[in-house]
Amino acid sequence: MQAKCPSCEQPITMWAVMKAPLPSAIRCPHCRKKIRVRGVAPYLAVYLMTVLALAAWLIVARRHNAISSAAVIVIAIIALAFLELLISAIVLRRARFEKPQT
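Note that our numbering gives residue 163 to position 3 of the sequence shown, counting from 1, and the numbers run on in steps of one.
Worth flagging that the hints you see were computed from the coordinates, not collected in a lab. Among these hints, one or two may not hold up.
As the list claims (entries may be wrong) - The list that follows gives simulated cross-link-like pairs (lysine to aspartate or glutamate, EDC-like), each with its CA atoms no further than 20 Å apart:
no., residue 1, residue 2
1, 193, 258
2, 194, 169
3, 179, 244
4, 194, 258
5, 193, 169
6, 259, 169
Claimed, not checked - Have a look at the derived ranges for each label pair, beta carbon to beta carbon:
no., residue 1, residue 2, range
7, 196, 221, 35 to 45 Å
8, 201, 179, 30 to 40 Å
9, 187, 240, 20 to 30 Å
10, 169, 223, 50 to 60 Å
11, 166, 210, 27 to 37 Å
12, 213, 169, 16 to 26 Å
Glycine is no exception: its CB is placed at the ideal position from the N, C-alpha and C atoms.
Using the sequences and the hints given, assemble the complete structure.
In structure tokens form, the structure reads like this:
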């Protein structure tokens with residue numbers, strides 16, 4: 161099932177979710193209205209814990225000279241891009257999209 165904007169009923173794209181700084185700041189790519197997102201707190205908690213664990217692992221590995229600074233940057237960019245894509249897909253599949261209360 162494709163997630164749809166509660167205002168215009170057009171599909172919400174993966175890019176609309178990915179470019180939002182927070183899930184509460186998603187805007188419809190068609191009508192540009194804000195969309196209220198419900199039911200994503202557990203996924204965002206997992207996202208945050210994963211980012212913190214990755215950062216800790218990279219810091220420890222770098223301090224022990226196990227990997228170079230360039231490798232840290234490359235690993236961080238690739239991991240964060242993959243994680244953002246994964247979380248955006250989960251939000252599109254699992255979240256409830258509603259009109260914001262005014």
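Right, here's what the structure says about each hint:
1. 193 to 258: holds (11 Å)
2. 194 to 169: holds (13 Å)
3. 179 to 244: OK: residue 179 and residue 244 at ~10 Å, within 20 Å.
4. 194 to 258: Given that 20 Å is the threshold and the Cα spacing comes to 9 Å, the pair holds.
5. 193 to 169: Measuring from Cα to Cα gives roughly 12 Å; hence the hint holds.
6. 259 to 169: Distance ~11 Å between residue 259 and residue 169 Cα, so the pair holds.
7. 196 to 221: 35 to 45 Å: Holds, at about 40 Å.
8. 201 to 179: 30 to 40 Å: violated (20 Å)
9. 187 to 240: 20 to 30 Å: Holds: the Cβ-Cβ distance is about 22 Å, inside 20 to 30 Å.
10. 169 to 223: 50 to 60 Å: holds (52 Å)
11. 166 to 210: 27 to 37 Å: About 29 Å separates the Cβ atoms of residue 166 and residue 210, which means 27 to 37 Å holds.
12. 213 to 169: 16 to 26 Å: Cβ of residue 213 to Cβ of residue 169: about 39 Å, so the range 16 to 26 Å is violated.
The earlier numbered hints that this structure contradicts are 8, 12.
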